[in-house]
Amino acid sequence: MLCCAVLYCAVLSCAVLCVCLCLYLIRYELAAHEGVADGPKLSIQDLVSDGFEQSPAWFFVLIAELDGQVAGYALCNRAYSSWTGRAVYVEDLWVSERHRRRGVARALLRALCERCAAEQVTRLDWHVLEDNAPALALYARLGARDLYRSERRLALRLDEPCILAVAAGHLLPSTPPQSGAHIFPRFD
Amino acid sequence: MSNKYKSGEVIVRAATKHDMSAVAEMIQELADYEKMSDGPKLSIKDLVHDGFEKQPPEFFCKVAEKHKENILGYAIYFPVYSTWEGRALMLEDLYVRMNERRRGVGRLLFDAVAKEASATGCCRLDFHVLEWNPACSFYESKGAVNLTNKEQWCYYRLTGDALRDFAKDG
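As given, the protein sequences belong to chains U and C, one line each in that order.
The first sequence begins at 1 in my numbering and counts up by one.
The second sequence begins at 1001 in my numbering and counts up by one.
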């Protein structure tokens, strides 16, 4: 039985600072879980500024409270599909280890989906590590699709050094096409 | 044989609402190219409303234009966020019309979005591409990392009935 409250944090208050402190601390749990404990580089002030002082905000957060404690969070941003319109991207979904197996992740996702339904958001996207078996099991029960399996979509990223290089007009040498690749028009 | 445009022949600029008719056409062309012709459901009016009437806008768009009248391609992108590194951009669509390929237009569009990412202090520019799309090698030449291969990230989606049913029944 689901027994936690999920709050949507959108208003700046002292509670927000507590939320951000909790976010700041439990991100490290999530990063350690993903095997990159030195990943997070943002300060609490960065989170407060980007989520609660910028207009528009860069993200919104759902917090799950259990027994008076922050048990988990979902940090999301508004997204857009040129096919279907408004969407939401879930950047982080995390339940603190001591609160596992009590329905917290499911409560967070359900609250998120309720919000999507209320706002005519028709697509909820996220990424998950391939070896995260418990998460994959939950997502399968939601009816979520793996877009690599269903559409062969790959996730690509240009990190900051490359952003700067591309912005300055640089290009790496091209690599020869792999054998068996389809011949399709290229962008350049 | 490719015939690259000379510098200045094609410009990339922020789209206006008047470009959305051409952009809607190209959204359909891109869906056709990806063999998912039934995907697009938005009207020109939806795009105008979402991109130019709502505050804040739901997306940003750049178009590549020749001779101040022909729209050759477009890019749609929007802000996202990394809890590790902060502000980032997601490139949702990048498309060049079929008869304008291999002339440097895609590179102009991609570079313009990368410049925008740089100018707004973004740490990442993320995007998705179909595995069979030879544009993958173009993106790799820009230094893009394939996160699916490198870090085993899977890209998941909840949509349609599954999304509605879970919201209702949990």
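Just so you know, these hints were derived from the structure itself, not from any lab.
Just so you know, not all the hints are guaranteed correct.
[Stated by the list, open to error] Taking lysine-lysine pairs in the BS3-like style, the calculated list, with each CA pair at most 27 Å apart, reads:
(1) C:Lys1054 with C:Lys1041
(2) U:Lys41 with C:Lys1142
(3) C:Lys1115 with U:Lys41
(4) C:Lys1068 with U:Lys41
(5) C:Lys1066 with C:Lys1017
(6) C:Lys1142 with C:Lys1066
(7) C:Lys1150 with C:Lys1006
(8) C:Lys1035 with C:Lys1045
(9) C:Lys1054 with C:Lys1017
**OP:** Quickly compare the C-alpha distance for C:Lys1115 and U:Lys41 to 27 Å and report which way the hint goes.
**Re:** Given pair C:Lys1115, U:Lys41 holds - Cα atoms ~23 Å apart, limit 27 Å.
Original post:
Does the structure keep C:Lys1054 and C:Lys1017 at a Cα separation of 27 Å or less?
Top reply: Cα-Cα ~12 Å, so holds.
Subject >> Proposed proximity, C:Lys1006 with C:Lys1150 (alpha carbon, max 27 Å) >> reply: 37 Å, violated
**OP:** Assess, step by step, whether the Cα of C:Lys1066 is no farther than 27 Å from the Cα of C:Lys1017, and give holds or violated.
**Re:** This hinted pair holds, its Cα atoms lying about 18 Å apart.
Original post:
Taking only the CA atoms, is the gap from C:Lys1035 to C:Lys1045 under or equal to 27 Å?
Top reply: This hinted pair holds, its Cα atoms lying about 25 Å apart.
Original post:
Under the criterion that the straight-line Cα-Cα distance not exceed 27 Å, is the pair C:Lys1142, C:Lys1066 satisfied?
Top reply: Between C:Lys1142 and C:Lys1066 the Cα gap is close to 24 Å, so the pair holds against 27 Å.
Original post:
Does C:Lys1041 lie within 27 Å of C:Lys1054 when you go C-alpha to C-alpha?
Top reply: Cα-Cα ~19 Å, so holds.
Subject >> Holds or violated: U:Lys41 to C:Lys1142, with C-alpha atoms at most 27 Å apart >> reply: 24 Å, holds
Original post:
Are C:Lys1068 and U:Lys41 close enough, with their CA atoms no more than 27 Å apart?
Top reply: Not satisfied, since the Cα-Cα distance of roughly 44 Å exceeds 27 Å.
Checked against the numbered hints above, the structure breaks hints 4, 7 and satisfies the rest.
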